[in-house]
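Given the structure of chain S, go ahead and fit chain C onto it with the hints provided.
Number of protein chains: 2
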Amino acid sequence: MAVSSFNPPIRTLMGPGPSDVHPRILEALSRPTIGHLDPQFVSMMDEVKTMLQYAFQTTNELTIPVSAPGSAGMETCFVNLVEPGDKVIVCQNGVFGGRMKENVERIGATAIMVQDDWGKAVDPEKVEDALKANPDAKVVAFVHAETSTGAQSDAKTLCELAHKYDCLTIVDAVTSLGGSELRVDDWGIDAIYSGTQKCLSCTPGISPVSFNDRAIEVIKNRKQKVQSWFMDLNLVMGYWGGNAKRAYHHTAPVNALYSFHEALVMLQNEGLENAWQRHYNNHLALRAGLEAMGINFVVDEADRLPQLNAVSIPEGVDDAEVRGKLLNEFNLEIGAGLGDLAGKVWRIGLMGHSSRAENILLCLSALEAVLGNSINSGVSLAAAQQQLTK
Amino acid sequence: MAVSSFNPPIRTLMGPGPSDVHPRILEALSRPTIGHLDPQFVSMMDEVKTMLQYAFQTTNELTIPVSAPGSAGMETCFVNLVEPGDKVIVCQNGVFGGRMKENVERIGATAIMVQDDWGKAVDPEKVEDALKANPDAKVVAFVHAETSTGAQSDAKTLCELAHKYDCLTIVDAVTSLGGSELRVDDWGIDAIYSGTQKCLSCTPGISPVSFNDRAIEVIKNRKQKVQSWFMDLNLVMGYWGGNAKRAYHHTAPVNALYSFHEALVMLQNEGLENAWQRHYNNHLALRAGLEAMGINFVVDEADRLPQLNAVSIPEGVDDAEVRGKLLNEFNLEIGAGLGDLAGKVWRIGLMGHSSRAENILLCLSALEAVLGNSINSGVSLAAAQQQLTK
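Those protein sequences? They're chains S and C, same order as listed.
With this note's numbering applied, the first sequence has no gaps in its numbers, which climb one by one up to 390 at the end.
With this note's numbering applied, the second sequence has no gaps in its numbers, which climb one by one up to 1390 at the end.
Everything labelled a hint here was simulated from the structure, so no lab data went into it.
Worth double-checking, as some hints may not be accurate.
Claimed, not checked - Here are some chain S residues the structure puts well away from chain C; computed CB gaps all over 12 Å:
id, residue
1, Arg-106
2, Ile-112
3, Pro-124
4, Lys-126
5, Asp-129
6, Thr-157
7, Asp-166
8, Asn-274
9, Ser-374
To be verified - Rough simulated footprint, nothing fancy, chain S against chain C, three-plus residues with beta-carbon under 8 Å:
id, region
10, 1006–1014
11, 1025–1035
12, 1047–1054
13, 1093–1105
14, 1218–1230
Nothing here was measured: the structure is a model prediction, and the numbers come from that model.
For each residue, glycine too, the CB sits at the ideal point set by N, CA and C.
If we strip away everything but chain S, and leave its shape as in the complex, we get (with noise of 0.2 Å):
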């Protein structure tokens, strides 16, 4: 044995998450632990409510970070708000509609899937059809930012079709939330789940969520207990809720939550409508340099995430040599496809504290560097730094 402590290599992040963390969240991860139920501790819970609010633009009571990475936060919104037997209509144009499907199956109720292309938005009409078809269907769940695809769907109008037909929603924010407009209670969102690790720069393995006064009646008046333990929202309740006295559930994950803390601060110090902002400015800027490179997006511009770009991988190219060469080179992580689009596309992220003007130029330039005469090089910075500087 006699294994060394590790020491990680400096890379810049530019993949679908983890993005950069910024020094000041790490330095916060590393303050001193305290106790979980500790007074001090339990202020600072209360903070992290208040602000994560703010992110989902929500006054929802219960909005909070699940100790556990996305795919949990995932899973708490499903297994607390469908019981077995119940139908659910699962929208899918990319990965995690999938695994939405498989969460519907587990607790043994019935994902009706209504299907898009991978790379482009959900069509409402489908969802409306699925909806008059099934109008027993309980809850519609969609995925607002495919990171697997970088395409976005009108979550507002998603929301308003599956209460005209009196559904709630479940709504996968993981790569939207603190990236792009997104507003719970404007939208009507039931419920939602998001990361960490995205467009908040924060390290990976907390999920926040957030449910509405309809979604805590569902889940209140089920007919059989959450089959999670460890998830069910009736007892973690318990521990975030507003009571003075807090009752232990889990241990929470303590300095996970500092860093947390520390990220929502930055976001309410940029400001959330500016820190939008900058993701869609930088994202003009990575296209402009992408474009006059002669590489193409995979999404159209109308859904395109700004903050998680899929695009082509350019004929010829071996996707995992440049993606090698570009790790082992220049510390540059950039994303593979994934599910159907693995080896068709790089997924370039441009999240959180990874939207920034150098992140574009080292990735434009690595790019240029690795793909040498397959593309059309050294026109690229050119483009991006002019849209940089409009």
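Here is chain C on its own, set in the frame of chain S:
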């Protein structure tokens, strides 16, 4: 709004966990984040597995940290090994046996409860009676180290019994791993879960687990899918498995794993048996001091966990007031009683980095200061010092 950064107070953590985190481990936590599929991160994961096998004293290939707290580690064991309709013998001698029952029932299985008084070890005779009465039982589940009472049970004997009646074992070792003797292979433990924030001195948030081949066989031959997608070991194994190509399952808590790696390096450097001995020696010193003060232990000497000292609150003493004064005047956290023992006991942890001579002296002198006339004051430090210098 305008929330500021959170700067925690500097506490000494002598409750039931989290325990004091060593500065080296806090520093590791704040190293730069890299991708969860980065080749260097994957190498680090292999080292974590190897060192965790050492900590558990096992050669089990499936020895990994679950990306969520100990409660999720418990649930991972149950949802993977137990199916609806199964019968599980659950030994309860504190809070966590009750949580096991919840887990069994939420799967749609039957829990046969074997009850022992809180503060007592699990009685093997009662377990054998339950095994005889339930020849169709599939699993025996018990808590090796009851964090709510400070009692340890004879895991080796209980596993032998379970196997004699052809049952698998699920063992809660949240508070024992790294703090007192625990031998997964020698004792024949089939599935085990633990926590990082107790005797390993790491931050809370992930849960080490281990499963032997017999348990994996059961998981691979399940009749139906594991009810939790997030905790499904068939999927988790694809990410943590031995293959060169790791399949994405969820985004690992990268920085939490840095700190866990560092905690395991420190355990390796100290030596597992030396760590057990240190916990025992420091227990003897704390015990000498408490007994000199006239404070009595809840658990019989033979069954006491050295790392978690449950003591009766002296008559006439206000529980919350004393704990509040220790915290506010001396920044010292000790644990309250849980469940049936709330208000009746304190739980004084000497776990991991908290298990140090200086912490013992602080705890005894602070208790003397706060309890004042309620106790036989002034003699405890001498007794502890004498024991420490033996």
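These are the hints, each one checked on the structure:
| no. | hint | result |
| --- | --- | --- |
| 1 | Arg-106 | violated (5 Å) |
| 2 | Ile-112 | holds (19 Å) |
| 3 | Pro-124 | holds (27 Å) |
| 4 | Lys-126 | holds (25 Å) |
| 5 | Asp-129 | holds (27 Å) |
| 6 | Thr-157 | holds (28 Å) |
| 7 | Asp-166 | holds (27 Å) |
| 8 | Asn-274 | holds (15 Å) |
| 9 | Ser-374 | holds (24 Å) |
| 10 | 1006–1014 | holds (count 7) |
| 11 | 1025–1035 | holds (count 10) |
| 12 | 1047–1054 | holds (count 4) |
| 13 | 1093–1105 | holds (count 4) |
| 14 | 1218–1230 | holds (count 6) |
Comparing the model with each earlier hint shows a violation of hint 1 alone; every other hint is respected.
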